[in-house]
Each structure stands twice: as structure tokens, then as C-alpha cells.
Amino acid sequence: MLSIRNLHASVDGTPILRGIDLEVKAGEVHAIMGPNGSGKSTFANVLAGREQCRVTQGEVHFQGHDLLAMSPEDRARAGVFLAFQYPVEIPGVSNIYFLKAALNAIRKYHGLEELDAMDFISRVKSKVEMVKMDEALIYRAVNEGFSGGEKKRNEILQMMVLEPALAILDETDSGLDIDALKTVADGVNQLRSDDRAFIVVTHYQRLLNYILPDHVHVLSNGRIVKSGGPELALELEERGYVWLNELTAGAA
Amino acid sequence: MMNPAHTVYGDEFRGMEKTLPGSHAPWVRALRAQAMETFMEQGFPDTRIEEWKYTDVRTLARHHFTASPGLTSIDESALPSRLLTGEPAHRLVFVDGHHAPELTPFNTLLNGVTLTSLAFALANRPEELESCLGRNTDLEKPGFNALNTAFMSDGAYIRLAPGVTLEQPVHLLFIATGKTDTVATVRNVIVAGPGSKAQIIESYFSLNDAAYLTNTVTELIAGDGADIEHYKLEQEGESAYHMAGMYVRQHRDSRYTSHNIALGGRLVRNDLHVTLDEPGADCTLNGLYLTRGRQHVDNHTRIDHCKPRASSREWYKGVMDDRSRAVFNGRVVVHKDAQQTDARQSNHNLLLSNEAEVDAQPQLEIYADDVKCSHGCTVGRLDEEALFYLRSRAIDAATARIFLIHAFATDVLQRIRIAPVRRHLEEQLMVRLHGGEIPGLYGNQEGVA
Ligand SMILES: Nc1ncnc2c1ncn2[C@@H]1O[C@H](COP(=O)(O)OP(=O)(O)OP(=O)(O)O)[C@@H](O)[C@H]1O
Ligand SMILES: [Mg+2]
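Same order as they appear, the protein sequences are chains A and B.
Mind the numbering: the first sequence is residues 1 to 252 in the working numbering, read in order.
Mind the numbering: the second sequence is residues 1001 to 1449 in the working numbering, read in order.
Bear in mind the hints are in silico, worked out from the structure with no lab data behind them.
Keep in mind that a hint or two might mislead.
Cβ-Cβ distance ranges computed for the label pairs, FRET-style [claimed, not checked]:
(1) Asp179(A) to Pro1308(B): 51 to 57 Å
(2) Asp116(A) to Leu1364(B): 49 to 55 Å
(3) Met118(A) to Asp1370(B): 54 to 60 Å
(4) Lys1053(B) to Met118(A): 53 to 59 Å
(5) Gly37(A) to Asp1369(B): 50 to 56 Å
(6) Arg1417(B) to Tyr204(A): 50 to 56 Å
Partial list, derived from the structure: chain A residues whose beta carbon lies under 7 Å from chain B [said to hold, decoys possible]:
(7) Pro72
(8) Val93
(9) Ala101
None of these values were measured; they are calculated from a predicted model.
Where a beta carbon is used, it is the ideal one built from N, C-alpha and C, also for glycine.
Looking at chain A on its own, in the form it has when it is part of the complex:
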């Protein structure tokens, strides 16, 4: 589904990603861990198409598309979804209208008719219930004045409504209480299917108790320095990242 080769990217002229290779197959969940500042969000943002993250080398193919040649909106239409580490507040744009515009843009891309108001609202309401979000929030401006947890739930709500092929969750678990954490995991598990894949960026093994990953990767200094199965996350939890630095030093 997603095939990344030798990906390099810089932000404001500073190289951040320094040669990432990754294969994600449909049906898989990949966890990405790594110390602060290692480039996890940059990686996620490059996949979503943020212009500030300039790709300087490498290739990314997503379901046969040359992903790097696509605009952010076309990526989203083709099925890429990024749950932001820091969801953006958009005063004056109502959450429900935003969601409707997003869903209809995706449907249009796939040659489907726009959902009528009734179908749309019932779909949203059932997902709102699923992510245990206060229904009033869908009528408020996008993320405006939402608490940290509410913002994260809102990201999951969007994911549930838009049903992407590839969802990238950038620390969606950070700052969440244990119930919210389970909600996020439930959301992912519910969408999980043979034709979907997930990249879950997290600092905590805890989330991976609920979302069992197929692969775990450690990103350090802009490179994947170690990959393994779920047991790698446990090892990191125990030993931290310091032992990996030695690996990186060795590799460089």
C-alpha cells in the first residue's frame, strides 16, 4: 500500500529526515517510536503533504500513486489521513460543515454522490457516540476552545467519518486519560481491516497494548534505526532509547 524509499526531507533548510525506507502493506499496523525531535511528526507531515517539509530525495508510492507529486487534498481524497499531533483551531468554521465538506470532497473524487443531509448527520452522530464526544462540539468551530483531549477525539471522529485507507496517527494518545486512550484504540480497531493500514506514532507502549502493531520502528535522528515486532516496544519501555544511540553512531 505504502512504499517509501530513501526519503530525505528538510524543514527551513535543515535536514530532518535522512533516508527513510518503509513498506506498509494493507491490513498492517506500524508503530513508530523515537525520542523527541527525531523527526516523527516531520515524517507524518511529509506523507500528508505539508509544504514546509521539503522532500529533497527519495520516493513514496501509495496505492500506485506517486504520493509526493500529489497535493495535500488529493492525498486525502486518495485515502491518506493524518491525525495531527497539534490539531489546528479554525474559528468561524463549524466542525460539522467542515466534516461534511471533507467527506463530500472525498466522495466526489471517488465518483460517489454527495451524502444528503439526513444520511450525513446520522452517520456523524453514530461516530460521535462511538468516540464518546460531546455532541455539542460538532456544532462549534473546528477545535476552537476544545480541550486537549477533545481535540484528539475530534481527530478520531474525523478518521471514523472519512474512513481513510491509510491513517497516520501522530501522538493521538498523548495527553489522553485512560478512557480516552481506549476510545482512540477502539476507533482504530474498528476501522482495522484487510484493506486499511495504520501508522501509529507514539511515545507509549501503553497504546500498543490496545492496538497491537504488526511492526514497531524506532526513528532516531531522521532514520529508522531499528525495526521489530511488538516486543520491541516493550524493550524500549524498559531500556529507553539510549542503547539505540550507540546503534546509530555505529551505523553513521
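Following the hints, position chain B with the ligands against chain A.
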């Protein structure tokens, strides 16, 4: 500073003085003559005058604008629906500055309400106007106001008896047929008796694009406890000049709400001056200016708090695109007697292009000590983070921009209480942003749900 640019108006005035409305009344003649003299002394304002620092009227001064000699008849059915003509209202229509009675469906006499053309009133009962026409000291100012008083040809005269409430809005529709170098010199006089209540819409449209001039002044006196909501919708043609003054005097516990929307015109100037003359008066000034191309729109507002316990609210927003330029000058003066004043002002500007410009200047002058005053002024650009967020949710870049611009302007439009006017402006905004509407973008939650 005599110069040929304005001496032509002196000659013209002498030629037509006797034919101007109200000329048989000595006080009207004296008022006009005095104004003409003031105008001749100073001519058009230039950018050395502080109040005109950012607005250069030299291109305007190079024209010689003349009033269209009489009424150009236009077919009502040819009027576009965007003129709001279909909405229920007490309507007076003016074409190139002349009242067009055949376009004015309203004929019913309402108890306690005078609603007529100013020219008609000046011709038939000028004595009724002596105490309220041209009595505002602002009108002693040189330049366009003086020119307006000298040449005023027509406009609306509205008088509300004490306690009268108008259920339907009054709609004053000013249509320019769009003939180059013509001027419509409009004067509206509104006298709202104690406890009266009305909504008054002034709208300015053009049927064609040409370099014509609208020089308009509205005077409003709000009696004790009167409640007047005033709309000014300016949608002149792309090459038009629009010079407007709105002068409001508020008595005890009266309320005045202004919605000042500037969309059209090549060079637009709005002077809005509210004098809170007595205790407990309250005003709200809501404004939106959208500029593009090479438009220049200048809003100068001034609020004078003269007596205790008056409050004022001012919310102005602007969106500037292309190489256009806007000016906002919001002056609030709290006089020494005006204790317990509550004055708040905000002005926010959104620049859509690198060539667009805005000069925004709040000016607070406080001479009383027990007051609550605040102001905030910002100039910004579209939020890149928000744009990316929207695009990452499949919304294309152009639509994402429209979302954000609409979101920026929406609170001004939300304050508009007359639903058809609000809808009309939402549509105009969409046309400006998109060349059409985006279904469902505006409308309430139920509309979405
Ligand atoms: N504009 C910029 N100029 C230079 N460096 C930048 C810029 N923006 C981000 N960086 C750097 O890029 C690096 C990677 O940042 P990124 O946000 O991808 O890290 P992360 O792995 O997501 O960290 P965290 O776990 O804290 O979320 C950081 O060292 C950061 O300081
Ligand atoms: Mg991060």
C-alpha cells in the same frame, strides 16, 4: 488654493443656484451659499490634511462632475433582484440622485411617519426642515460635505413621530445609471422622535461601470429612547467614486446601530460620526470592507462620548486582495463629563495578497477618569496552518481559502438582523470569493444538518 479643478463648481453653482430644491426659502439659499463659499476656499482635501493623509482624491478632482439634468427612466423589471427590491419594505428609489416616484411602490401613509423625497419637502414645506437640515457642525467642514450642502439635489426625508415603531424596514435605494462624469448629490435627513423605532437601509448600486460620483450625506437625530438601526450597503460600480458622510446625534438613552458594508467603488470614503450627546445613549458600529483590484476604501469613524453612562461598540473588519488598499481610522473621544463611559472598539484586517495594504489607526482620547475603554487592532494573513489542516481533509486550496475568509468575515454578517440583507451579503461575499455560492457554507446548523 483656488485651482481650476474646483472653480468650475463655483461657476456651475452660480448658474443653477435658483433651480436647486428649496431655493425659494432664504435659509436654504443661505445654507447652500455658505457651503459653496467654504468649498471654494479650500477646494478638495489633499493628503496634507491629517484626515485625508491616506486618501488621495486628485484623480477625482480631475473630473468635472455634473448632475444629471433630470430623471432617467428605468424599467423596474430590468432591475436585478440583487437590489433587494423584492423584499418587503417601505421603499424610496432614487436614480442618479433624483427621486423616481414610479419605482416606488410604497404609497400608504403611515400614521406618524413622514417618508418622502427631500426635494419634495424642500419645495413644499421647507420650514419643517430648518431645524434639522445641515445643523450638524460636521457639515461645516470643507470639501465633500460643503459640496454636498451646496448642491444637494434629493434624498429621503424621514420623520418618525414619538413612539412610532416601523414594522418593515425603510429601504432607500440609490441607483446610478452609470454615466461618466455625472454626480448624484444625495442628502438624507432622518429625525427619529422620542421612543420611535425603525430600520433604515441605504443601498447604492450601479447599473453600469463608469467614473461617476456619488456624494452622499445622511443626518440622523435620534430622540430620547429612540432605537434606529441603519444599514449602508455600498456596491457602486468598479470605476465609481463614492464619498459618504453619516452624522448622528443621539439623545438620552437612545440606541443607534450601524451596519456599514463597503463592497464596490474605485475610491470610497465613509465618514461616520456619532455624537452621544446625552446620558445613557448607546451605539454599535458594525463594519465590513472588502476590496480587490485597485480599489481604495477609507473608513473614518468617530464617536464622541459627551455625557455620562453612554456606551459604544465598534467592530470593523476588512479583507483586502490584489493591489487594493483600505484605511481604517477609528477615533473615540471621551469628554470630561462622560463618566462611566463604556467604549470598545476592534478593527481586524486580513490581507490576501502581498500587494494589498491597510492603514489601520485606532485613536482613543480620554478626558474623563471613570471609564472603561478598550481597543484592539490587527492586520494578518490567512493562517497557513489552518489552510494545511483543511487541505489535509480533502478540501481543495481555493475552497480552503474561502472557508477561512468567510470565517473571518462571518461575525460581522451575523450581527445583521434583517435576514434578507444578511442573505444578500452572504451571497455577495461568495460571489466575491468564488464567483458563485458554495452550497451550504452559510446558513445555520439546521441547514447543514
Ligand atoms: N523550522 C524548523 N527549522 C529547523 N528545525 C526544525 C524546524 N521545525 C522543526 N525542526 C526540527 O525538526 C526536528 C524534528 O521535529 P519533529 O516535530 O518531526 O519531531 P518529533 O519526532 O515529532 O518530536 P516529538 O516527539 O517531540 O513530537 C526537531 O529537532 C525540530 O526542532
Ligand atoms: Mg511530533
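*asked:* So, against the hints stated earlier in the document, which numbers end up violated here?
replied: none
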